[in-house]
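Chains as they are written, first to last, in the numbering used here: chain Z, 1 to 339; chain V, 1 to 339.
Honestly, the hints are just simulated from the structure, not real lab data. Just so you know, even glycine gets a beta-carbon here, dropped at the ideal spot from N, CA and C. One or more hints might be untrue.
[As the list claims (entries may be wrong)] Label pairs and their calculated CB-CB ranges:
| id | chain 1 | residue 1 | chain 2 | residue 2 | range |
| --- | --- | --- | --- | --- | --- |
| 1 | V | A109 | Z | N252 | 50 to 60 Å |
| 2 | V | Q302 | Z | D115 | 57 to 67 Å |
| 3 | Z | S286 | V | T141 | 22 to 32 Å |
Here are the chains, one letter per residue:
Protein chains: 2
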Amino acid sequence: MAEITTKRIVLASRPQGRPTAENFRLETAPVAEPADGQVLLKLLYLSLDPYMRGRMSDAKSYAAPVAIGGVMEGGTVGEVIASKHQDFAVGDIVLSHSGWQTYALADGATLRKLDPQAAPVTTALGVLGMPGFTAYAGLLTIGQPKAGETVVVAAASGPVGSTVGQIARLKGARSVGIAGGADKCRALIEEFGFDVAIDHYRPDFAQALREACPSGIDVYFENVGGKVFEAVFPLLNQFARVPVCGLVAQYNSTGDFEGPDRLPLLMRDVLSKSLTIRGFIQRDFSEQRPAFYQEMVNWIAQDKVRYREDIVQGLEQAPEAFIGLLEGRNFGKLIVRLH
Amino acid sequence: MAEITTKRIVLASRPQGRPTAENFRLETAPVAEPADGQVLLKLLYLSLDPYMRGRMSDAKSYAAPVAIGGVMEGGTVGEVIASKHQDFAVGDIVLSHSGWQTYALADGATLRKLDPQAAPVTTALGVLGMPGFTAYAGLLTIGQPKAGETVVVAAASGPVGSTVGQIARLKGARSVGIAGGADKCRALIEEFGFDVAIDHYRPDFAQALREACPSGIDVYFENVGGKVFEAVFPLLNQFARVPVCGLVAQYNSTGDFEGPDRLPLLMRDVLSKSLTIRGFIQRDFSEQRPAFYQEMVNWIAQDKVRYREDIVQGLEQAPEAFIGLLEGRNFGKLIVRLH
Numbered sequence: 001m002a003e004i005t006t007k008r009i010v011l012a013s014r015p016q017g018r019p020t021a022e023n024f025r026l027e028t029a030p031v032a033e034p035a036d037g038q039v040l041l042k043l044l045y046l047s048l049d050p051y052m053r054g055r056m057s058d059a060k061s062y063a064a065p066v067a068i069g070g071v072m073e074g075g076t077v078g079e080v081i082a083s084k085h086q087d088f089a090v091g092d093i094v095l096s097h098s099g100w101q102t103y104a105l106a107d108g109a110t111l112r113k114l115d116p117q118a119a120p121v122t123t124a125l126g127v128l129g130m131p132g133f134t135a136y137a138g139l140l141t142i143g144q145p146k147a148g149e150t151v152v153v154a155a156a157s158g159p160v161g162s163t164v165g166q167i168a169r170l171k172g173a174r175s176v177g178i179a180g181g182a183d184k185c186r187a188l189i190e191e192f193g194f195d196v197a198i199d200h201y202r203p204d205f206a207q208a209l210r211e212a213c214p215s216g217i218d219v220y221f222e223n224v225g226g227k228v229f230e231a232v233f234p235l236l237n238q239f240a241r242v243p244v245c246g247l248v249a250q251y252n253s254t255g256d257f258e259g260p261d262r263l264p265l266l267m268r269d270v271l272s273k274s275l276t277i278r279g280f281i282q283r284d285f286s287e288q289r290p291a292f293y294q295e296m297v298n299w300i301a302q303d304k305v306r307y308r309e310d311i312v313q314g315l316e317q318a319p320e321a322f323i324g325l326l327e328g329r330n331f332g333k334l335i336v337r338l339h
Numbered sequence: 001m002a003e004i005t006t007k008r009i010v011l012a013s014r015p016q017g018r019p020t021a022e023n024f025r026l027e028t029a030p031v032a033e034p035a036d037g038q039v040l041l042k043l044l045y046l047s048l049d050p051y052m053r054g055r056m057s058d059a060k061s062y063a064a065p066v067a068i069g070g071v072m073e074g075g076t077v078g079e080v081i082a083s084k085h086q087d088f089a090v091g092d093i094v095l096s097h098s099g100w101q102t103y104a105l106a107d108g109a110t111l112r113k114l115d116p117q118a119a120p121v122t123t124a125l126g127v128l129g130m131p132g133f134t135a136y137a138g139l140l141t142i143g144q145p146k147a148g149e150t151v152v153v154a155a156a157s158g159p160v161g162s163t164v165g166q167i168a169r170l171k172g173a174r175s176v177g178i179a180g181g182a183d184k185c186r187a188l189i190e191e192f193g194f195d196v197a198i199d200h201y202r203p204d205f206a207q208a209l210r211e212a213c214p215s216g217i218d219v220y221f222e223n224v225g226g227k228v229f230e231a232v233f234p235l236l237n238q239f240a241r242v243p244v245c246g247l248v249a250q251y252n253s254t255g256d257f258e259g260p261d262r263l264p265l266l267m268r269d270v271l272s273k274s275l276t277i278r279g280f281i282q283r284d285f286s287e288q289r290p291a292f293y294q295e296m297v298n299w300i301a302q303d304k305v306r307y308r309e310d311i312v313q314g315l316e317q318a319p320e321a322f323i324g325l326l327e328g329r330n331f332g333k334l335i336v337r338l339h
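So here's chain Z without its partners, still in its complex pose:
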């Protein structure tokens, strides 16, 4: 076999605040032939997700940071082009976690084979993959929406938020979505079936949210933090649940936050309203994954859950697309087509 060269994007430096193009570096490198138990993958699609901002930083977190000079982490869909693992043959399409590159070796044990007949393979990075499962597990296990309750989700046009809103409705709850701009808000209603959509760029955003939630908020699925949390917080009902999935509005912040200190007020309401605030990452619930997959495949087949993808072309575009993701510039599951 001719020698394979991969293009890859490595972390050149840690961002101070908002990441910039200078934090990334495009390289090429040779890829060795697979050893026993390995396969060689031609990577077709790369998923871009907000959690990657955390991996660029060396602040303590649930996962180790990407090393300076290391390949940026990320979920990928690839095609097996050489195999030394009995379960995988050339031509198989697999889900891997190969990061921001165009070719990679992978241990067979870390791969999941995809069936391109069952669903478009990109859905393994979105509605049928990590973001979809995040929505499902966080909403149903922590949020526990009941019929007639009000569920609010921010970043509602993203792959997690749009799924949260649709599952909430399937459980009989009212779903209120928050997104940036009129186009996204229109799609929340027309495409994803939200009951209400609110543009967080409106100057009267907090008031609009209050009017959209006349019976208060029972579940707030937290993706963003910042001013959305501030508007949501006083509207939380007795026994409200707040699954904390992401805080994209504060990922780029540096250092101290200006006072007053809102922590005592939060704790006061946690106490006086018997609130539950619980952070999670989808792998906390991995035992639910088979049930999720089954149910989600059915929901999609029955057109009860829809999804949208935002596909950019070429690994070189990944840094700019990722920076835009943190600022809400994409619409739907952000994916890079690699070839």
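Guided by the hints, dock chain V onto chain Z, whose structure is given.
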């Protein structure tokens, strides 16, 4: 029957910050004869508890405030001295919620009969009553301590905290108690069997706590807030649980809290450590009350759970004793003997 006169303490004015004697007023008033379904109670014991600070304020909470001029709310043990309810006879001892007074009418339906042979009747206000049940339900349902884990509780010499520490040990966890002063700390170890006791007046309190928790903190039972929370917070482990039962350190605060704003940092750790922060009041778990009572009676009988009472004499002493409670001056379950 001769006419009965009750002494009672009413809320004279709402406190700004720390309550003072002027916020209370002692009155006398005639008590009518019981109507059908009612009993007349000679109240023997009044429970004083931190939650009463909330009732003195008209800030929004899970319970309505005491009205200006209204009798201060509170749990009481009383003796039936006249009855127009078939389930209660003169001489019966009952648990009621009659407030800060010496005699009261009560609807029979709101009372629970006590068996003075089974346990000292004052325990119905403490370890076998609301504080004991608060510790039990909050720790076991939200905290879920596992063998080998570290459980930290503040206000550990109080009726809730001392019970939390003892139940944690019964579940195989290490219990670390925080209290104010050497005497209380000694009692935490010698009387209540805590593994470690830390005096929060120590200037090196945060460091002492860190050293007492070399494997971090898995459960923090929150009674106080303030600087104790601040010291606990960085020590919380992945998947730590924080039942929020009280915030006595901030009950007397007024207005804004000085910056920096710690809320974003809290949320960041909630997310990165998959923390659960959940407020509660014991009645959220009332279906567990029979199981609690059964288990706690056994634990006390087997000397596996101990309790301490701090009894002051005379209704007139209640305001001063209550003010002291908010400052940690009492030691054990604070009760007023009314006759």
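Q: Return holds or violated for the Cβ distance of S286 (chain Z) and T141 (chain V) against the range 22 to 32 Å.
A: Given about 24 Å between the Cβ atoms, the range holds.
Q) For the pair A109 (chain V) and N252 (chain Z), does the Cβ-Cβ distance stay inside 50 to 60 Å? A) Given about 58 Å between the Cβ atoms, the range holds.
(Q) Please check whether Q302 (chain V) and D115 (chain Z) have a Cβ separation lying inside 57 to 67 Å. (A) Roughly 59 Å apart at Cβ, these two residues keep to the hinted range, so it holds.
Figure legend: structure checked against the earlier numbered hints; every hint is met.
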